[in-house]
Structure formats: C-alpha cells, structure tokens
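Turn these sequences into a full structure, and let the hints steer you where they fit.
In order, the protein sequences belong to chains A and B. All residue numbers for the first sequence refer to the numbering used here, where the first residue is 1 and numbers rise by one. All residue numbers for the second sequence refer to the numbering used here, where the first residue is 1 and numbers rise by one.
Rather than coming from a laboratory, the hints here were simulated on the basis of the structure. Idealized CB from N, CA, C, for every residue including glycine. A hint or two may mislead.
Output of the computed footprint for chain A on chain B, the stretches with three or more beta carbons under 8 Å from beta carbons of chain A [said to hold, decoys possible]:
#1 53–59
#2 71–80
#3 184–193
#4 205–213
Single-letter residue listing:
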Amino acid sequence: MKKRFNPKTSQKIAFTILLLSALVTIIPVVVIIIVVIKNGISAISWEFLTSMPKNGMRAGGIFPAIVGTFYLTIGATIFSLPLGVLAAIYLSEYAKENRFTRILNLGIVNLAGVPSIVYGLFGLSLFVIYMKLGVSILSGCLTLAIMELPSIITATKTALNSVPKQFREVSLSLGATKWQTIRYAVLPYALPGIITGTVLSNARKTGETAPILFTVAAFYLPRLPSSVFDQTMALPYHLYVISTQIPGIEKNITYGTALVLIIFTLSLNLVGIIIRTRLRKQKKW
Amino acid sequence: MNKRLYVYVLIMMLIYAIAGCSRNSGNGIQVKGSDTMVNLVQAWAEEFDKENPGENISVTGGGSGTGISSLVNNSCDIVSSSRQMTAEETSLAVKNGITPKEYAVALDGIVVVVNPKNSVYKLTIDQLKDIFTGKIKNWKEIGGKDENIVLLSREINSGTHVFFKEHVLRKGNPKGPEEFASSCLLLPSSQAVADEVSQNSNAIGYYGMGYISKNQKIVAVAKNEGSAYMEPSIKTVQNNTYPISRPLFLYTKVDAKESIKKFIDFAFSKIGQEIVEKTDFVPIGRIKK
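Structure representation (structure tokens):
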C-alpha cells in the first residue's frame, strides 16, 4: 500500500480540523451574546428591572417577569431537591442490582429524554385539572420539579459514586451503621457535586417555556402574585409573548428581556460554581 | 443534625400534603383565550387594576380554543374569544356543571393584507375564497404579476382562522366542505402573519384590525362582484358595510363571582370601550352605564 501523506502532515490536518470544530461550536454562543447585548443593552435601566409593564407592555419594566422566574426557580428546587437527592441515595447506596432497580434507572434516564412540551401537558392534566391546583405558581413549580428530577438524581448519583470507597469501608469497620456512614462519611463529601448539579439543572430549566406555558405563565399581571395559587409572569414566556404578540414594540425591549434572561441563567451558574469551590476547599481528600 | 433532617423531611411532606388540597378559588380573576384580543384584555386589565387594586387579575393568551377549553375544564374565570362557542363546546361545559354566559364586548374587522410592493389592492369574497382554497394559484389571475401566491393563515386553534374559514371560505355555512389549501402556511400568531407579509412580496394573509401597520398593505374587500370595495375601519365595521367583520366575546360562568362581573361591566363602560378603540378594535356601539 502506498502512503498518501507522511504522518506529520496528516497530524497537522487532523489538528486543524479538530481546532476548527472546536471554534465552530462556540461561534453560535458568541454571536448570540454579542447580538443580544448590542441590541438590548440600551433598554437596561433601573426602571426596566424594577417597574411594572405599562402602556400595553411597550413601556415600563419587566419586574414581574423577573420575580416570577425567581419564584419558579426556588419553588421547583424546594420540591425536586429533597426528592431527587433521597431517591439517588437509595439507588446508589441501598438498592441492590436487580431487575427492579434496573427498571427504575431506565425510567429515570428516559424521564430525562421526555420533550419539555410533554411535561407541560402532563402538568396541565395532572396538577392543573386533576388535582385542581389551577393555573398557578404551585402547578408550575411542581411541573418544573418533575422535569428537574432526572438531572438532580443523575448528578447526585455521580457525586456519591465519586466519593472513594475507602470512606465507606473505614466507617463501616468502625461499627457505624449504614445510615451513619452515608450521613457522616459520604454525603458531606458528595455535597459539592450535588449542589452544582442542582444549580446547573435549575439554570437550564429556568429558561424553559414549554413546561410553564399551560401551568403557570400569564401574559400580563398588573401586580405581583400574592399566593402560590396565583398565576405569574415569567421571563422566557414574557420574551415569547413580546416578540410574537405585541404589535409595534421597540426592538430593544425584546432584546433587553433576552439579555436579562441570559444574565439570570448565567449568574445562577456562577452561584453554583462559587458554592462548589467553597465546599471543595472545606472538604478535601 | 439528624433531628434537623427529620424536621426538614416532615416539612416537605407537609408541603406535598398542602399541594394535594384543592385550590381555594377565592382570589384572583384569570382571563384566558384569544390571541387577537390579548392586547385588548391586557389594556383593560392594566386600567381595571388602577381602579380596583387588589383584584389580582391575570391575562393569558393561547387562542380562543385554548380559552374555551379551560372554561370547560373550569381552570379559568373569563374567556376571551374571537369566535362564538360551538354547540358541542357549550354542551361539554354544561356536562361539567358550567353554564357559559356570553358577552359581545367589541367588534373586529378581519383585514386581508399583502406586501406593499404587491399591485393587487382589491378582491371580492369569491376571489379570496378561491385564493385560500388554492384554486387561484398565481397573482396574475387577479391582476398582479406572474408569481405564485404564498398563503398565510393562523393555526386551527385561532378564532380568527375559524372565522375566516366559515365566513370567507365557506361563505357563512359553518359545515361547508371548503378547507384551506394544503400549501397554506399556518403561523402561530397574528404578529407572525404580519411579519411574514411584510417580508414576502408574494404573500397574502389576514389578521384582526389591531395588527394593522404600514408594513402591510390593506386589501379592500367586496361582498360580490357588483358591490363596493370597502376597507376596514371603525365606521365600516360598525355599520356592517365591511364584509368580514365579527363580534369579539367574553364568556364567564353564569354564577360568576362579583369581581368577575365588575370586570365585565368595566369592559362595557365608557373607559372600557375607549380602550377598545385605542387598541384598534371597534367599540360595540351600545355603551352601558
């Protein structure tokens, strides 16, 4: 067989292709951020962030949408974090490898692959109509919580698995019970991973429109919601609404809203990273 | 430490339990439905809230069909709809223990629009019917240039879509056989129709009067060959000379609570009807109070 290229040349070609692929993947992100900042920065002001929409949402601010997204993020975490972490502890520490746990794991993996609009419709039929919670913050939080569960469970399991086996062995050999072992020798060390996983999945879900579309999102509220049974505005839905439904809205308001949403999710990510590094410093092995 | 964990688990269970209880239907007015009317209802809510703070009103779009089905499911208080409820929908609601009450609160002309570059400026209902059913495929057949017609419509959830089908395609017979041509693009919002028409020089679409803008050209419409071509305006819609106009509705339960009735009254009030005009719809003409 004839050699077409010498190895050095093919190495160079391979490197170039790999480098280009890496560059291409970040182009969309960079372009999105540049376009959004360029068009939206002029809308951002203290009033835009802290006042109610006025004049058919063409003026004023997006305060209720920001608050709504904040409520939904916190609310969803309240439901999903404990349930997800407890389930993950059971699955990775207690459950034996058998058909039942295999089905359970398969179910969780599949849950992660369900399209978000299906979660939205599921939330509508279960929480809104069947459980009679109505279109409300509660229904929205529960829907988002179910959507977050698989990623929280997966993150928690990974975090638990990354705690060295010796920690458990030493603890058990000292006569500690299994629960004591998990509680004092495993969980504290898995915590940074769990929290990062939760915050990251939260950040992603915060930007979702489909699950809140039927369960909580309102086109417009003249004031902030007063209970968990009220509807609320939310940033992703508000962005969708002002870019599709409002004739003659200024372009910078739409882009400004997009910018706020991006900053919101990015800063959530940042919070997750900060918490992780803090906890990592405390628990080192 | 352990104790705290138990307390936390207990609190969680309590929250789940509360979540299990049904919604206390005391506070708030939820208005849901027509995308055509959503800006009108939003403007009503904004003004209504100034006069009645604390009523906790919320406005959601989604389409007339979406709104009506939530009234049937008892998951909203007021439905805004750009079409009348059908007999099936009413009987379904009654079966669920809800008797709907209808209020015609405003009028709307459906505007047929083309790109400003298009030379076509008037059409009869019959021509519109042939265009949207796909019988007329090229602009030159109706006096334009030799280009294929791009059809734009709202999706089937939209009251505007249903009204256009029943009153233009089927010419007033709701059970007629005519359908939109399969080449017709179904767009998710009126604004999407407007945007597409302003970008595509071969497009034709329709929307409510609230969306009229300089970027689309309004087509004058005649009932039939012999009659006058009319453009939609407050006057032509109110005196019924513009051929494709319709009432816009609010629906509530018959036994609606006081705050809901107050909102309906507000919509009919002088201020409410001024808002109708300000959002480019047509006041109903007979103002209460």
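Against the structure, the hints come out as follows:
no., hint, in the structure
1, 53–59, "holds (count 5)"
2, 71–80, "holds (count 3)"
3, 184–193, "holds (count 5)"
4, 205–213, "holds (count 3)"
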